[in-house]
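Visitor: Sequence:
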Amino acid sequence: TLRGPSVCHLWGAGPCTCDVTLRKSTVFVVSVDQELQEGSRGFQPSYNILPQTIESVPGVSGTNALHLVALNAPLKGDVRGIRGADFLCYQQARSVGLTATYRAFLSSHLQDLATIVRKADRNNLPVVNLRGEILFSTWTSIFSENAGVFNPLTPIYSFDGRNIMTEPAWPEKLVWHGSSKVGTRLTANYCEAWRTGDVAVTVACPRKT
49 TLRGPSVCHL
59 WGAGPCTCDV
69 TLRKSTVFVV
79 SVDQELQEGS
89 RGFQPSYNIL
99 PQTIESVPGV
109 SGTNALHLVA
119 LNAPLKGDVR
129 GIRGADFLCY
139 QQARSVGLTA
149 TYRAFLSSHL
159 QDLATIVRKA
169 DRNNLPVVNL
179 RGEILFSTWT
189 SIFSENAGVF
199 NPLTPIYSFD
209 GRNIMTEPAW
219 PEKLVWHGSS
229 KVGTRLTANY
239 CEAWRTGDVA
249 VTVACPRKT
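Counting from 49, one number per residue, gives the positions in the sequence shown under our numbering.
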């Protein structure tokens, strides 16, 4: 999940393209500003619950940042669509006292992964883990030539504080995302809009390269 703007990973890695057939994988979450992108149809909690402002991220010199976080367990492809995935992000963030808006790090028929963070924040905020350690220099850089390659020395944490890079609870070191290398949706590769739990072809990435 990212906040400043935030993103939530169901779990895998950055958007590299590799077609795989999986039963369970990681879901990431990103903290994003409350103002959702035009055309987005993700989970939208009541505006009187979520803050309208971007919060500072500890550990990044007092500046705002996007937080990338994993959900607390690997999941099947059936997360009840983008709304269901965003709701899981919302619930788990709130359970540990995080008040930022978190969105699932996924493409679907409703959205492209690259655009879930508002345009104004894509090039001027770092992407960090829950402890404020930098994962990417900017959101846009995730979708650059290196196609979302993570530094294996920088941990990615779940909402409950576990390092998913080393935790055995995540045996498949992959992350769901359903996207191309540039963060656009691949309509044949996102578990039927994240509504099927059967073994299905999707796009995921290795968390370590």
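Don't take each hint at face value.
Claimed, not checked - Distance windows between CB atoms, simulated: (1) 145 - 182: 15 to 25 Å; (2) 215 - 143: 27 to 37 Å; (3) 171 - 216: 17 to 27 Å; (4) 132 - 167: 23 to 33 Å; (5) 216 - 158: 32 to 42 Å.
FYI, nobody ran anything at the bench for these hints, they're computed from the structure.
None of the values given here were measured: they were computed from a predicted structure.
Think of the CB as a built atom: it goes at the ideal place given N, C-alpha and C, for glycine as much as any other residue.
Visitor: The structure should be examined with respect to each hint, and the outcome stated for every one.
Guide: Consistency of the hints with the structure:
Checked against the hint of 15 to 25 Å, the pair residue 145 and residue 182 passes, with Cβ atoms roughly 23 Å apart. Our hint of 27 to 37 Å for residue 215 and residue 143 is violated, since their Cβ atoms are close to 18 Å apart. Take residue 171 and residue 216: their Cβ atoms lie about 37 Å apart, and the range 17 to 27 Å is violated. Here the CB-CB span from residue 132 to residue 167 is close to 26 Å, well matched to the stated 23 to 33 Å.
Distance hint check: the CB atoms of residue 216 and residue 158 are about 34 Å apart, consistent with the given range 32 to 42 Å.
In the structure shown, a violation is registered for the earlier hints numbered 2 and 3, in ascending order.
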